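Colleague: Sequence:
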Amino acid sequence: MEINEKDLKLIIESVLNKLESTKSDKKILDSSLSRTSGQDGIFEEVNAAVDAAEAAHLELIKLTLEKRREIIRSIRKIIMSNLEEISKLAVEETTFGRVEDKIEKNRLAALKTPGVEDLEPTAYSDDNGMTLMERAAYGVIGSIIPSTNPTSTVINNGISMIAGGNSVVFNPHPAAKKSSCFTVSL
Numbered sequence: 001m002e003i004n005e006k007d008l009k010l011i012i013e014s015v016l017n018k019l020e021s022t023k024s025d026k027k028i029l030d031s032s033l034s035r036t037s038g039q040d041g042i043f044e045e046v047n048a049a050v051d052a053a054e055a056a057h058l059e060l061i062k063l064t065l066e067k068r069r070e071i072i073r074s075i076r077k078i079i080m081s082n083l084e085e086i087s088k089l090a091v092e093e094t095t096f097g098r099v100e101d102k103i104e105k106n107r108l109a110a111l112k113t114p115g116v117e118d119l120e121p122t123a124y125s126d127d128n129g130m131t132l133m134e135r136a137a138y139g140v141i142g143s144i145i146p147s148t149n150p151t152s153t154v155i156n157n158g159i160s161m162i163a164g165g166n167s168v169v170f171n172p173h174p175a176a177k178k179s180s181c182f183t184v185s186l
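Residue numbers (the working numbering): 1 to 186.
Note that these hints are calculated values from the structure, not bench results.
If you're wondering where the values come from, they're calculated on a predicted model, not measured in any experiment.
Cβ pair distances, simulated, as ranges:
| id | residue 1 | residue 2 | range |
| --- | --- | --- | --- |
| 1 | 16 | 81 | 35 to 41 Å |
| 2 | 139 | 100 | 36 to 42 Å |
| 3 | 13 | 104 | 32 to 38 Å |
| 4 | 118 | 55 | 21 to 27 Å |
| 5 | 63 | 125 | 25 to 31 Å |
| 6 | 96 | 185 | 19 to 25 Å |
| 7 | 63 | 111 | 21 to 27 Å |
Cβ atoms here follow ideal geometry from the backbone N, Cα and C, with glycine treated the same way.
Construct the complete structure from the given sequences, taking the supplied hints into account.
Modeller: Given below as C-alpha cells:
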C-alpha cells in the first residue's frame, strides 16, 4: 500500500488533533479530582490507591456472603440506571464501537457476571475423613482497563472482585480514563 504526501499529512493532522483532545480531557479530569483523597475511588497516585484497596480488602473479608450479595445487587442496580450514560461516554471518549453495542455489553456485564453464588463450599468424605473446601479471598488485585471495553471491564471486574472478597486497583488506558473513572465513581 502506498500513501501519498497529502494522505500522510491528513493522517498526521488527525493523530495530532486526537492527542491534543486527550491532553485537554486530562486537564479537565485532573482538575476535578483530589490528588490524594481518593474521592469516589479515584486516585492520582498508585500508592494511595493500593493503600485504600488494602484497607478495603480488610473490610470486605469481614463481610458475610449475604452482605457481599447485597453490595453486588446495589452495583447492578446503579449500573442499570446509568447504562446509556456510561455507554455513550465510552464511545465518545474512545471512538470505539457503537453506543447500542456498548449498552448491551454493559447490561450483560452488570446482569450476567457471577456473584457470590459461585462461592459455595464443597465437602467430601472418604476413608481418610472429611474435607471442606472454601474459596478464600486473594487480596488486592490490579486490573488494567482497555480502551476497547472500559466500562464493561470495570463492571465485570468490580463485581467479580467484591464477590470474592477482594479489592481492586483499576488502571485505565489513557484513552479511556474519563469513562473508566466515571464508572468506578458510580
